[in-house]
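**Student:** Guided by the hints, dock chain B onto chain A, whose structure is given.
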Amino acid sequence: MATFLGIDYPTWWFLVVGAVFSGYAILDGFDLGAGALHLFFKKDESRRIALNAVGPVWDGNEVWLIIGGGTLFAGFPILYATLFSAMYIPFMLFLLAIIFRAVSIEFRSKEPMKWWRNTWDIGYSVSSILIAFLLGVVLGNVLQGMPIDSNFEFEGSWLMFLNPYALLVGITTVLLMTVHGAIYLCLKTEGKLFEKVEKLLLRAIIGFVVFFILVSIYSLAYIPHLSDDFRSNIWLYAVPVIAILSIANIPRLATKRRFKMAFVFSALTFSVLLVLVAIELYPALLLSTSDPANTLTVYNAVASDKSLGIMLLFVAIGVPLVLSYTIIIYKTFWGKVKMDETSY
Amino acid sequence: MDVEILSRIQFGLTIAFHYIYPPLSIGLGLLLVIFEGLYLKTKNKEYERLTRFWIKIFALTFGIGVATGIVMEFEFGTNWATFSRYVGDVFGSALAAEGLFAFALESGFLGILLFGWNRVKPTMHFISTIGVFFGSMFSAIWIVVANSWMQTPDGYHIVGEGMQARAEITDFWAMVFNPSSVDRILHVWLGAFLAGAFLVMSVHAYYIVKNKHVEISKIGFKYALIVAVAVSLLQLYTGHRSAEIVAHHQPAKLAALEGHYDESAPGDLYLFGWVNQKTQKVYGVSIPGGLSFLIHYDFNTPVKGLNAFPEDERPTAVNAVLQFYHLMVAIGLLLIALTLYAGFLWYRKKLWDKKWLLWIFVFAVFLPQLANQFGWFAAEMGRQPWVVYGLLKTSDALSAVVTANQVLFSLIMFSLIYTLLFFLFIYLLNKKIKAGPYSYDTIEHRPTQQDISKIVSNKE
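Residue numbers (the numbering used here), protein chains in the order written: chain A, 1 to 344; chain B, 345 to 804.
The reader is advised that the hints may include incorrect statements.
[Claimed, not checked] Derived EDC-like pairs: lysine to aspartate or glutamate, alpha-carbon spacing no greater than 20 angstroms straight-line:
| hint | chain 1 | residue 1 | chain 2 | residue 2 |
| --- | --- | --- | --- | --- |
| 1 | B | 556 | B | 697 |
| 2 | B | 778 | A | 111 |
| 3 | A | 42 | A | 121 |
| 4 | B | 465 | B | 392 |
| 5 | A | 260 | A | 195 |
| 6 | A | 110 | A | 121 |
| 7 | A | 196 | A | 45 |
| 8 | A | 256 | A | 198 |
| 9 | B | 737 | B | 657 |
| 10 | A | 306 | B | 498 |
| 11 | A | 192 | A | 45 |
| 12 | A | 196 | A | 44 |
| 13 | B | 775 | A | 111 |
| 14 | B | 562 | B | 697 |
| 15 | A | 114 | A | 45 |
| 16 | B | 562 | B | 390 |
| 17 | B | 776 | A | 111 |
| 18 | A | 306 | B | 512 |
| 19 | A | 306 | B | 515 |
| 20 | B | 648 | B | 606 |
| 21 | B | 400 | A | 111 |
Quick caveat, the hints were computed from the structure, so don't treat them as lab data.
Here chain A stands alone, though its shape is the one from the complex:
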């Protein structure tokens, strides 16, 4: 098996997929979170400002989802096929929410009537929450594993995705994105609206911490395979410790109104939690609960070394390019929302 710097290609690709999804969670996370908070703002102008805070970037952030799906399909086609066909209904609802959200954002500002704007505001907010929730539900199911037969086909019922653990992870995801979105809005707003967002941020942090603790207890108590690696290698405990410190830093910085740093730490929280997920799973990608022999791993669900080698080369060339334009665009729109004739 081909290696680079002593690490085999499937593991490298596992890291690439993890990095892309972490980038997606950080970027789309704040605009989904801002969407989740949208209905807490009452005045039309406040809602306009909140929407225009994400206006120039939400579409670009969503492209990361396509890239994420692409890296998963490209590197782990067998996982892609099994997971997506097993969770048909949640993925279809997810697509519904993605389209409905785009429709709501575009429609809202086009007519001045109150009922019109309210309808699309609700559409925007509900679909933002649903997207975050379903991402969490899929993650919860992946962490838990599902029944898979020897042809790597799902063998459970289609309703299985709705289970307590997945629902908990779903709610936790919504709350973390809400925290992240609230910090972003704090950076983008002024005056009374800013004060309102600040209050919402503190409430969202409390909600997130409560659900994070619940998910952690549930994981430790009922899903033992998630903590196996930690028992065998004590150094790995550093990761949950960093996660907890990173989470604790968010309210500390937010109460000091150091929102830029708070944003850095809410972004870091996404990454560290995904690193935690990666450690808990690796080398498995999707555990088979019916027979451990049918578990999809980075070695049996993966593309060939030839294909991975080409793609890793692309990543090495492409990632610096992607980072440079991402930085350019965020610098362009840095600072408080400024409306002009191009706004929503």
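**Tutor:** What follows is chain B alone, placed relative to chain A:
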């Protein structure tokens, strides 16, 4: 209905709907680069107004393209799991290249293109416009490469057997430059340029006949017409090349395009026709031996007909394939006639007086869209029963665990939401057309950030 039919209807519906938008984004992207380039070069404010007007419409097509594009990608996994396992290794590198080199470029510069007019220097904005345009062109390359590989697979070998069989890449460049990809990429690009140019001509023709924004519309129409004349002529060449590739690599599809059943008779070329699939006869007007001539430059050389292939290895919807193909060709020829005639009138300085012709251009916006759709229908239906030509049948490519009821649910869901989305598109397009290009006083009288924050801080 069974899962196969439902899944095919769903994929057909979602991809046909998706394919209204990316061609418009590519075509409008080209015109935006032209308009903005002229603005930078001449500093003429009319070009600025044109650029900014078309950016608003570009934003609309791009947004819907992204949302409906995510659907396509996810459907590979949800509905076509066996296909995904089969082609994943080969498609992987094409998709990774699309994500990193095309999408990231588009998404990075899109924000500046749409919202950055007052925030960055004009050259930086122009660079962003070019970035988004190139991004959308690159995107088309990789998607068409993947589809062309499904038509004429190359650079792979098959590993495993039965349920476990899948294609693995052996030669990246042979996969990318498989026999049909270059010609099909050019054909798709040119089709997209026509879609964009005809939208621009349609809107400006409408303004001219309604006597609104006339001067700016004459400029917009002129440049779109130049693009359309050149592109519709070039399209003849790429179309012919694509047909030759089909003849050499997908003989069963070629036979279906002309409804040619005889195993080894010279092939006729139909101007139009109707296939009776039971009697295996085509009723219509044809050039005897015309197909043989186009392929072999000789009227008497036999062309392999449908009956030369086993029943389960040739397309069944022969009449539909023939109709879609012929409609595409007919529209292509009509576009050449229309644009050449308009170009001739423009040269004679008579174009703007011909109201009836301008009205035709108002409605001609549908023609390249239909040609694009019909061309794809012919290409995809003509490949049946294969999803990967000669390797994997469509009926074997489905998700084993997804039931008919689940697909029925999602099919109804997509039908409803796409209807809503289409109404949204028409509504917004209409609103933007009604609003017209910016006039300078409206830009200045918009509320500024200071005004808005004053209102907000007093009331929230």
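**Student:** Look at each hint and say if it fits the structure.
**Tutor:** Here's how the hints hold up against the structure:
Distance hint between residue 556 of chain B and residue 697 of chain B is fulfilled; the C-alpha atoms sit about 15 angstroms from each other, no more than 20 angstroms. Proximity of residue 778 of chain B to residue 111 of chain A is assessed by CA-CA distance (about 14 angstroms); at most 20 angstroms being required, the pair is judged to hold. The straight-line distance between the Cα atoms of residue 42 of chain A and residue 121 of chain A is roughly 11 angstroms, inside the 20 angstroms bound, and the hint therefore holds. For the proposed pair residue 465 of chain B and residue 392 of chain B, the alpha carbon gap of about 14 angstroms is at most 20 angstroms, so the pair holds.
In summary, the hint linking residue 260 of chain A to residue 195 of chain A is supported, as the alpha carbons are separated by about 16 angstroms, within the 20 angstroms threshold. Proximity of residue 110 of chain A to residue 121 of chain A is assessed by CA-CA distance (about 12 angstroms); at most 20 angstroms being required, the pair is judged to hold. Between the alpha carbons of residue 196 of chain A and residue 45 of chain A the distance comes to roughly 14 angstroms, so the proposed pair stays at or under 20 angstroms and holds. For the proposed pair residue 256 of chain A and residue 198 of chain A, the alpha carbon gap of about 11 angstroms is at most 20 angstroms, so the pair holds.
Restraint check for residue 737 of chain B and residue 657 of chain B: the C-alpha separation of about 9 angstroms stays at or below 20 angstroms, so the hint holds. In summary, the hint linking residue 306 of chain A to residue 498 of chain B is supported, as the alpha carbons are separated by about 15 angstroms, within the 20 angstroms threshold. Proximity of residue 192 of chain A to residue 45 of chain A is assessed by CA-CA distance (about 12 angstroms); at most 20 angstroms being required, the pair is judged to hold. Distance hint between residue 196 of chain A and residue 44 of chain A is fulfilled; the C-alpha atoms sit about 14 angstroms from each other, no more than 20 angstroms.
The hinted pair formed by residue 775 of chain B and residue 111 of chain A meets the criterion: a straight-line CA distance of about 10 angstroms does not exceed 20 angstroms. The straight-line distance between the Cα atoms of residue 562 of chain B and residue 697 of chain B is roughly 12 angstroms, inside the 20 angstroms bound, and the hint therefore holds. Using a Cα cut-off of 20 angstroms, the hinted pair residue 114 of chain A and residue 45 of chain A holds, with the two alpha carbons roughly 12 angstroms apart. With a C-alpha separation of about 11 angstroms, the suggested pair residue 562 of chain B and residue 390 of chain B falls inside the 20 angstroms cut-off, and the hint holds.
The suggested pairing of residue 776 of chain B with residue 111 of chain A holds, with an alpha-carbon distance near 13 angstroms, which does not exceed 20 angstroms. The straight-line distance between the Cα atoms of residue 306 of chain A and residue 512 of chain B is roughly 9 angstroms, inside the 20 angstroms bound, and the hint therefore holds. For the hint linking residue 306 of chain A to residue 515 of chain B, the alpha-carbon distance of about 9 angstroms falls within 20 angstroms, and the restraint holds. Between residue 648 of chain B and residue 606 of chain B the alpha-carbon distance is near 7 angstroms, which keeps this suggested pair within the 20 angstroms criterion.
This hinted pair checks out: residue 400 of chain B and residue 111 of chain A have alpha carbons roughly 17 angstroms apart, not beyond 20 angstroms.
In summary, the structure agrees with every hint in the numbered list given earlier.
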